[in-house]
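Please build the complete structure, drawing on both the sequences and the hints.
Each chain is listed here by its residues.
2 protein chains.
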Amino acid sequence: MKLTILGCYSATPRAFTNPTAQILDIKGNLFLIDCGEGTQVQLRKFKIKFSRIKHVFISHLHGDHFYGLIGLISTFRLLGRDADLHIYGPKGIKEVTLLQLKLGNSYGGYNLIFHELESKVSELIYEDDKVTVHTIPLNHRVYTNGFLFKEKIGDRKLNIDAVLNNDIELCDYRNIKMGKDVENKHGKLIPNTLVSFEPDTPKSYAFCSDTKYTESIIPIIKDATVLYHESTFLNEHAHLCQKTKHSTAKEAATIALKANVKHLILGHFSTRYNSIDYFKEEAETVFDNVLLADDGKEFNF
Amino acid sequence: MKLTILGCYSATPRAFTNPTAQILDIKGNLFLIDCGEGTQVQLRKFKIKFSRIKHVFISHLHGDHFYGLIGLISTFRLLGRDADLHIYGPKGIKEVTLLQLKLGNSYGGYNLIFHELESKVSELIYEDDKVTVHTIPLNHRVYTNGFLFKEKIGDRKLNIDAVLNNDIELCDYRNIKMGKDVENKHGKLIPNTLVSFEPDTPKSYAFCSDTKYTESIIPIIKDATVLYHESTFLNEHAHLCQKTKHSTAKEAATIALKANVKHLILGHFSTRYNSIDYFKEEAETVFDNVLLADDGKEFNF
Numbered sequence: 387m388k389l390t391i392l393g394c395y396s397a398t399p400r401a402f403t404n405p406t407a408q409i410l411d412i413k414g415n416l417f418l419i420d421c422g423e424g425t426q427v428q429l430r431k432f433k434i435k436f437s438r439i440k441h442v443f444i445s446h447l448h449g450d451h452f453y454g455l456i457g458l459i460s461t462f463r464l465l466g467r468d469a470d471l472h473i474y475g476p477k478g479i480k481e482v483t484l485l486q487l488k489l490g491n492s493y494g495g496y497n498l499i500f501h502e503l504e505s506k507v508s509e510l511i512y513e514d515d516k517v518t519v520h521t522i523p524l525n526h527r528v529y530t531n532g533f534l535f536k537e538k539i540g541d542r543k544l545n546i547d548a549v550l551n552n553d554i555e556l557c558d559y560r561n562i563k564m565g566k567d568v569e570n571k572h573g574k575l576i577p578n579t580l581v582s583f584e585p586d587t588p589k590s591y592a593f594c595s596d597t598k599y600t601e602s603i604i605p606i607i608k609d610a611t612v613l614y615h616e617s618t619f620l621n622e623h624a625h626l627c628q629k630t631k632h633s634t635a636k637e638a639a640t641i642a643l644k645a646n647v648k649h650l651i652l653g654h655f656s657t658r659y660n661s662i663d664y665f666k667e668e669a670e671t672v673f674d675n676v677l678l679a680d681d682g683k684e685f686n687f
Numbered sequence: 387m388k389l390t391i392l393g394c395y396s397a398t399p400r401a402f403t404n405p406t407a408q409i410l411d412i413k414g415n416l417f418l419i420d421c422g423e424g425t426q427v428q429l430r431k432f433k434i435k436f437s438r439i440k441h442v443f444i445s446h447l448h449g450d451h452f453y454g455l456i457g458l459i460s461t462f463r464l465l466g467r468d469a470d471l472h473i474y475g476p477k478g479i480k481e482v483t484l485l486q487l488k489l490g491n492s493y494g495g496y497n498l499i500f501h502e503l504e505s506k507v508s509e510l511i512y513e514d515d516k517v518t519v520h521t522i523p524l525n526h527r528v529y530t531n532g533f534l535f536k537e538k539i540g541d542r543k544l545n546i547d548a549v550l551n552n553d554i555e556l557c558d559y560r561n562i563k564m565g566k567d568v569e570n571k572h573g574k575l576i577p578n579t580l581v582s583f584e585p586d587t588p589k590s591y592a593f594c595s596d597t598k599y600t601e602s603i604i605p606i607i608k609d610a611t612v613l614y615h616e617s618t619f620l621n622e623h624a625h626l627c628q629k630t631k632h633s634t635a636k637e638a639a640t641i642a643l644k645a646n647v648k649h650l651i652l653g654h655f656s657t658r659y660n661s662i663d664y665f666k667e668e669a670e671t672v673f674d675n676v677l678l679a680d681d682g683k684e685f686n687f
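If you're matching them up, the sequences are chains S and F in order.
Just so you know, we're using the working numbering here: the first sequence kicks off at 387 and counts up by one.
Just so you know, we're using the working numbering here: the second sequence kicks off at 387 and counts up by one.
Keep in mind the hints are simulated off the structure, nothing from the lab.
It is possible that part of the hints are untrue.
Since the list can't tell identical chains apart, any single copy or any two copies may satisfy a pair.
[Unchecked claim] Quick list of in silico lysine-lysine cross-link-like pairs, DSS-like style, CA-CA up to 27 Å:
#1 K644 x K598
#2 K488 x K506
#3 K433 x K574
#4 K477 x K488
#5 K631 x K488
#6 K598 x K488
#7 K431 x K683
#8 K480 x K571
#9 K488 x K629
#10 K506 x K666
#11 K589 x K435
#12 K648 x K636
In this text the structure is predicted, and so the values were computed from the model without any measurement.
Structure follows, in structure tokens:
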């Protein structure tokens with residue numbers, strides 16, 4: 387998995403900070419998560435091919451997560467796209483998008499397929515042969531979901547030395563990867579575990595923004611490889627979290643600890659602080675593996 | 387008048403070109419004309435105080451003229467604005483704006499006052515003690531208006547030498563500026579024209595984008611100080627103008643010539659050309675005073 391942060395600052399776009407948008411690349415499939423104003427320019431800047439984006443996940447309908455979507459949809463059309471685009475987001479996203487296209491008389495060219503969300507419990511919303519996506523119901527000022535991307539368990543891996551030593555024919559390599567026992571050249575049955583290794587442990591990525599501190603997400607994101615959790619404020623402004631339903635860096639780290647995730651990425655920073663390093667310092671008092679998002683940063687895991 | 391071009395390129399925002407938005411400063415009053423995606427960032431970049439913008443004019447509801455409006459409205463709210471914001475634009479602009487705010491549960495803080503346009507003839511849509519604004523019905527793929535900003539005629543100017551020579555009292559200076567004849571210290575009636583000059587010639591700015599070549603606008607913009615006319619294409623791509631209802635540089639210059647304007651500013655350039663100088667060269671074959679818009683450029687007139 388490769389995660390590219392296009393924007394990770396809260397509230398309003400500025401000359402040098404962008405609102406939330408991320409590209410998650412899972413084995414070559416690109417998923418766009420949130421789409422604040424200016425996302426299409428960020429995609430160009432980081433040379434992400436528009437045509438590779440087929441699925442967009444919108445957490446909630448606040449402007450800093452969503453106001454770039456209509457522009458991206460329009461640009462896809464102007465560039466002659468013909469592939470379907472799937473959009474997953476809160477109920478209402480279809481009405482407002484289609485209204486904007488109708489007013490500009492600019493619908494058409496390719497299909498927009500909306501998957502409107504309104505469940506308050508986690509649900510499977512996407513599945514292909516490599517990955518599943520579940521919602522993570524969050525607690526914010528409007529209906530909001532995070533998204534859990536999970537790789538499916540892959541094929542077993544050939545133990546090539548053992549395969550050669552056991553005189554297995556080439557045509558059976560695929561069967562071994564699928565976990566089957568096979569007969570070798572001499573008609574002898576070779577147990578699968580003798581000639582193969584366990585598949586890679588599937589990785590998972592949990593995106594949780596925006597939300598106040600919410601322990602109900604812990605069972606859903608348990609043991610995730612990477613958790614991106616919003617930390618709009620530092621602990622000194624914890625009182626603002628109550629009002630705005632955001633989290634502190636310390637709260638994000640507490641969720642990471644309790645959910646036993648491997649890595650925590652902090653993001654959705656308020657621009658009131660003169661350095662985002664403070665967020666890392668605060669989170670590290672609770673949890674060890676803390677990383678900071680920043681516009682343009684890539685994470686490989 | 388001071389015109390600041392925030393963006394003047396057609397179609398889609400890019401890393402170094404912005405869609406249409408302009409600030410027109412008339413004697414200290416700021417008018418925002420069009421508001422493509424990213425306009426709020428451009429306003430920040432050019433240090434234009436958000437609080438000074440009280441009137442927004444939207445020509446039409448294509449994304450490159452309009453998709454930045456909702457973000458700007460939201461940012462005004464986040465920054466604690468309390469002054470009214472007047473929005474002039476095609477019918478539908480109110481519904482789509484309010485729907486977006488409703489979905490984000492982010493309405494309130496200050497008043498949005500919509501002035502929806504649907505007339506097909508020029509009409510007066512704004513007036514204060516210094517300026518009037520009339521629509522300029524254009525011919526594009528959707529309902530579109532340009533806008534004509536006209537200064538009102540100012541006060542007459544004191545001919546200070548004549549005023550002193552004629553022993554006029556200080557309390558009558560205002561009357562002279564208003565065009566009245568006044569009695570001097572000795573009771574003698576002094577004709578106004580003897581002690582005052584004509585007021586400055588009122589200036590006017592006509593914004594015409596997007597539109598195909600349309601001679602019906604000529605009587606409306608006749609003798610304007612400055613005409614901004616779109617020139618999406620060069621003459622070599624005139625066939626594209628038919629289909630997309632845009633203009634060539636040559637057509638823009640022909641309108642400028644026939645309307646007897648003082649200066650023509652070209653803008654709304656397609657990004658297919660490797661230099662915008664070609665637009666100036668082409669227009670100058672028809673009309674003398676041609677200027678090129680560009681993102682960040684200021685024009686004082």
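Hints, one by one, checked against the model:
1. Taking CA atoms no more than 27 Å apart as the test, K644 paired with K598 passes inside one copy only; the shortest distance there is 16 Å, against 62 Å between copies.
2. Taking the shortest Cα distances, K488 and K506 sit within 27 Å of each other only across copies (20 Å), while inside one copy they are farther apart (31 Å).
3. When the C-alpha separation of K433 and K574 is checked against a cutoff of 27 Å, the pair qualifies neither within a copy, at 53 Å, nor between copies, at 79 Å.
4. In this homomeric assembly, K477 and K488 come within 27 Å of each other (Cα to Cα) both inside a single copy, at 19 Å, and across copies, at 12 Å.
5. Taking identical chains as interchangeable, the C-alpha atoms of K631 and K488 lie at most 27 Å apart only when they sit on different chains, with a minimum of 18 Å there against 34 Å within one chain.
6. Taking the shortest Cα distances, K598 and K488 sit within 27 Å of each other only across copies (21 Å), while inside one copy they are farther apart (36 Å).
7. Both within a single protomer and between protomers do K431 and K683 lie at most 27 Å apart by alpha-carbon distance, with minima of 12 Å and 23 Å respectively.
8. Taking the shortest alpha-carbon separations for K480 and K571, neither the intra-copy value of 59 Å nor the inter-copy value of 76 Å comes in at or below 27 Å.
9. With identical chains, the CA atoms of K488 and K629 are at most 27 Å apart between copies only, with a shortest distance of 19 Å across copies and 37 Å within one.
10. For the identical chains of this complex, K506 and K666 are neighbours neither inside a copy (31 Å) nor across copies (58 Å), given an alpha-carbon limit of 27 Å.
11. In the homo-oligomer, the alpha carbons of K589 and K435 lie at most 27 Å apart inside one protomer (24 Å), although the nearest pairing across protomers, at 47 Å, exceeds that limit.
12. Taking the shortest Cα distances, K648 and K636 sit within 27 Å of each other inside one copy (16 Å), while across copies they are farther apart (63 Å).
Hint compliance for this structure: hints 3, 8, 10 are broken, all remaining hints hold.
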